[in-house]
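Engineer: Spelled out, the chains give:
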Amino acid sequence: MLKQIEGSKAVAEGVALCRPEVICAYPISPQTHIVEALGKMVKGGELSPCEFINVESEFAAMSVAIGASAAGARSYTATASQGLLFMAEAVYNASGLGLPIVMTVANRAIGAPINIWNDHSDALSQRDSGWLQLFAENNQEAVDLHIQAFRLGEELSMPVMVCMDGFILTHAFERVDIPSQEQVDAYLPTFDPRQALDPAEPISIGAMVGPEAFMEVRYLAHAKQLQALEMIPELAKEFKDVFGRDSCGLVQTYCADDAETMIVAMGSVLGTIKDVVDEMRADGHKIGVLGITSYRPFPLQQVRAALENCKRYLVLEKSLAVGLGGILATDVRMAVSGTGLNGYTTVAGLGGRAIPKASLHKLFREVEKETVDKVGFLDLDWEAVNKQLERERRIRHSGPIAENILHDKGIASAAKFG
Amino acid sequence: MPYQPVKFYQTGTYTVGNRLLAPNERSVQSSEHRSNSINSGHRACQGCGEALGARYAIDAAMLASDGQIISANATGCLEVFSTPYPESSWQVPWIHSLFGNAPAVATGIAAAMKAKGKPQVRVVAQGGDGGTTDIGFGCLSGMFERNDDVLYICYDNEAYMNTGVQRSSATPPTARTATTMPVGPEPGNPFGQGKNVPEIAMAHGIPYVATATVSDLRDLEYKVKKAMGMHGARYLHIFVPCPLGWGTVAHDTIRIARLAKETGLFPVFEAEHGEVTGVLKIRRKTPVEEYLKPQKRFAHLFGKHAHPDMVAHIQDMADRNIRKYRLLEEEAG
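Residue numbers (the numbering used here), protein chains in the order written: chain A, 207 to 624; chain U, 357 to 689.
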């Protein structure tokens with residue numbers, strides 16, 4: 207059914223259609239609206255049987271989901287940013303135990319400095335946690351990805367993170383086609399794990415594994431991710447059969463066939479990029495887009511196939527590998543290794559910094575001319591940065607950085623506020 | 357009242373032979389039908405109080421629930437010695453997730469059972485004192501506060517034994533651990549630190565809180581049975597000596613546990629909804645020296661460079677417990 211609906215509410219309705227049996231909720235912006243909506247559905251009896259648990263931390267949220275999933279219940283939670291880091295130990299544990307928990311990550315920056323707005327630092331910090339990580343471009347895809355995530359996770363016995371840009375998607379009202387219960391039931395069978403905690407058949411889960419077997423266990427986690435590379439396109443195809451629309455898959459391309467310049471990105475910024483590409487195409491620029499939906503597993507082959515015929519590519523990413531450059535760009539470089547392709551990285555939109563079309567027009571033209579920095583930072587205020595660097599050159603000792611930048615930019619100034 | 361119907365003084369050990377008891381008074385452990393929840397062959401040290409406590413408690417919980425138990429276990433000695441892959445001593449469905457999350461994992465299991473319409477399946481979480489009073493404390497308090505249907509059992513051996521005997525918030529004053537060495541003017545763990553988790557549990561107003569020791573099997577089994585007869589969050593804190601960490605001889609585990617209770621240093625009581633409803637009385641009041649001296653972790657309090665002031669301070673603590681919990685018969689009522 208078509209609805210004009212907030213992203214968080216749409217995701218909550220999509221998750222509810224998947225019949226979760228245990229939902230753990232801990233508030234952190236910008237995911238709160240999702241669990242609030244689910245809580246209302248459980249309390250009102252629309253979503254039943256389901257236990258909605260208000261936990262005391264994100265660490266507990268993931269831990270409750272671990273217990274519930276191990277006991278055979280379909281389990282869901284949502285988090286973001288600091289919350290994802292606070293539960294990190296349990297995030298790794300869930301995947302190590304092979305529990306198909308589904309978690310929404312409403313992508314948000316990580317502090318300090320504390321910042322509630324969108325970038326991809328949170329999810330990407332967990333890229334090696336063993337979770338499958340899917341990135342939504344818009345709210346329709348966010349809903350569809352959750353439905354596929356339960357199916358995918360339970361087929362592989364692995365947990366899945368569905369990543370959607372905080373505020374930009376979670377708080378945006380868009381047209382979303384909410385599927386019917388019959389459609390979701392036809393696509394997603396009941397959760398029936400191979401083993402579960404059950405007094406009728408007592409098993410021990412979570413035993414200690416020493417050097418003699420640990421490597422093999424870890425390899426098998428990798429093998430599951432490789433299987434997911436096969437399974438994700440199959441499930442997307444099956445999804446289309448049931449729901450009648452293309453959604454998700456490993457990667458998506460746009461205007462890529464004859465593109466000489468390719469822009470690679472994840473998440474909602476793909477919409478802005480496509481608009482810019484449309485406008486540049488109208489002016490005769492041979493430019494195209496590669497959107498990555500499946501970040502883990504990372505689809506090396508598909509990325510390589512999408513890029514190998516272009517002349518150059520730019521990875522525009524909302525994350526920063528401090529001391530290196532790009533996080534996504536590093537993975538993309540691995541995909542194209544040996545092709546000799548010129549790859550560039552632009553870090554953009556950190557902490558919710560707007561990524562305007564005008565900046566992208568300028569950037570993409572520089573990429574076409576290959577005059578762009580190998581690793582660049584979109585719309586960085588060099589004056590403020592250089593002033594602070596100069597200050598540190600003069601007096602070399604530890605001290606505040608964020609406060610100085612705010613002061614220099616006139617956002618917090620004693621003179622201004624008297 | 358805690359279970360104490362039979363008093364045998366003639367042996368000096370207070371043990372009660374089952375032959376002298378009516379069948380309905382005999383312990384779960386003495387039954388050939390006990391479930392052996394944690395089976396032989398595990399790798400606990402000789403004289404391990406925790407292995408004993410776990411066996412007593414889970415067997416009693418199994419009997420009380422007609423075998424319908426799922427257990428969540430925190431990281432620690434109990435987890436490590438019972439489940440070295442691919443072996444497991446557990447005859448109950450059992451999960452180990454992390455050090456600090458056993459209460460939350462148990463909450464998840466209980467929620468799953470509720471959602472799946474299996475109210476007969478009961479959940480027992482287990483952890484050592486480190487996993488309970490320190491790293492798992494946030495999750496424990498959350499589980500209590502929500503009154504989740506979980507019995508949490510803390511096996512308290514008063515330090516992080518699995519990692520090599522480091523101090524926890526359950527380590528008593530003056531005790532030697534690897535991180536509170538018996539050196540300097542105030543050797544061992546400082547006075548004025550640590551937390552009393554049974555009392556903090558009571559402050560949550562949960563249905564049942566109890567303490568027990570491995571020296572009194574029937575009292576321990578009675579408390580497990582009582583806890584299993586209730587719903588909501590329940591907490592059982594069992595005192596379990598550790599020969600390795602305490603420097604005691606393996607065959608003294610039960611005697612040391614009994615001395616902890618008889619000195620008043622470890623008050624054995626039970627409480628419902630935040631109110632103390634019963635205490636296990638001290639049967640023969642014993643000075644704390646008798647408890648401290650057999651333990652190498654307190655060796656620096658005695659001998660050439662003795663610290664009688666510290667021993668007196670510990671005696672004060674015991675006396676305060678005796679007054680507070682009315683642990684002596686003559687002070688009762």
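The hints are simulated quantities; they were obtained by calculation from the structure and are not laboratory data.
Where hints are given, some of them may not hold.
[Claimed, not checked] Below are the EDC-like pairs computed for lysine to aspartate or glutamate, each with C-alpha atoms no more than 16 Å apart in a straight line:
#: 1; chain 1: A; residue 1: Lys446; chain 2: A; residue 2: Asp391
#: 2; chain 1: A; residue 1: Lys568; chain 2: A; residue 2: Asp489
#: 3; chain 1: U; residue 1: Lys472; chain 2: A; residue 2: Asp398
#: 4; chain 1: U; residue 1: Lys474; chain 2: A; residue 2: Asp404
#: 5; chain 1: A; residue 1: Lys215; chain 2: A; residue 2: Glu262
#: 6; chain 1: A; residue 1: Lys492; chain 2: A; residue 2: Asp447
#: 7; chain 1: U; residue 1: Lys581; chain 2: U; residue 2: Glu685
#: 8; chain 1: U; residue 1: Lys474; chain 2: A; residue 2: Glu407
#: 9; chain 1: U; residue 1: Lys641; chain 2: U; residue 2: Asp665
#: 10; chain 1: A; residue 1: Lys563; chain 2: A; residue 2: Asp585
#: 11; chain 1: U; residue 1: Lys470; chain 2: A; residue 2: Asp404
#: 12; chain 1: U; residue 1: Lys472; chain 2: A; residue 2: Glu380
#: 13; chain 1: U; residue 1: Lys582; chain 2: U; residue 2: Glu628
#: 14; chain 1: A; residue 1: Lys215; chain 2: A; residue 2: Asp391
#: 15; chain 1: A; residue 1: Lys580; chain 2: A; residue 2: Glu596
[Unchecked claim] If you want the footprint, here are the derived chain U segments under chain A, 3+ residues with CB under 8 Å:
#: 16; stretch: 414 to 427
#: 17; stretch: 539 to 546
#: 18; stretch: 654 to 662
#: 19; stretch: 674 to 682
[What the hints assert, rightly or not] Far from chain A, by Cβ distances over 10 Å, these chain U residues were calculated:
#: 20; residue: Gln402
#: 21; residue: Val448
#: 22; residue: Pro449
#: 23; residue: Ile451
#: 24; residue: Ala462
#: 25; residue: Lys470
#: 26; residue: Gly550
#: 27; residue: Lys551
#: 28; residue: His629
None of the values given here were measured: they were computed from a predicted structure.
Every residue, glycine too, gets a C-beta built ideally from N, C-alpha and C.
Engineer: Take a quick look at U/Lys470 and tell me if its Cβ sits farther than 10 Å from every Cβ on chain A, holds or violated.
Structural biologist: For U/Lys470, whose nearest Cβ neighbour in chain A is about 6 Å away, the distance does not exceed 10 Å, so it is violated.
Engineer: Non-interface claim for U/Lys551: all C-beta distances to chain A beyond 10 Å?
Structural biologist: 17 Å, holds
Engineer: Take the C-alpha atoms of U/Lys474 and A/Glu407, compute the straight-line distance between them, and say whether it is at most 16 Å.
Structural biologist: OK: U/Lys474 and A/Glu407 at ~15 Å, within 16 Å.
Engineer: Do the alpha carbons of A/Lys568 and A/Asp489 lie within 16 Å of each other, as the hint requires?
Structural biologist: This hinted pair holds, its Cα atoms lying about 14 Å apart.
Engineer: Is it the case that U/Ala462 keeps its Cβ farther than 10 Å from each residue Cβ in chain A?
Structural biologist: 6 Å, violated
Engineer: Quick one: see if chain A covers the stretch 414 to 427 of chain U, three-plus residues with Cβ-Cβ under 8 Å.
Structural biologist: That given contact holds, which follows from 4 residues of the stretch 414 to 427 of chain U lying within Cβ reach (below 8 Å) of chain A.
Engineer: Between A/Lys563 and A/Asp585, is the straight-line Cα distance small enough, at 16 Å or below?
Structural biologist: 12 Å, holds
Engineer: Beyond 10 Å from every Cβ of chain A: is that where the Cβ of U/His629 lies?
Structural biologist: Given a closest Cβ separation of 21 Å, the condition holds.
Engineer: Does A/Asp404 sit within 16 Å of U/Lys474, going by the straight-line distance between their CA atoms?
Structural biologist: Since the Cα atoms of U/Lys474 and A/Asp404 sit roughly 10 Å apart, the hinted pair holds (cutoff 16 Å).
Engineer: U/Lys581 and U/Glu685: Cα distance at most 16 Å?
Structural biologist: 25 Å, violated
Engineer: At a Cβ distance under 8 Å, does chain A reach at least three residues of the stretch 674 to 682 of chain U?
Structural biologist: That given contact is violated, which follows from only 0 residues of the stretch 674 to 682 of chain U lying within Cβ reach (below 8 Å) of chain A.
Engineer: So U/Val448 supposedly isn't at the interface. Is its beta-carbon more than 10 Å from every beta-carbon in chain A?
Structural biologist: 5 Å, violated
Checked against the numbered hints above, the structure breaks hints 5, 6, 7, 9, 12, 14, 15, 17, 18, 19, 21, 22, 23, 24 and 25 and satisfies the rest.
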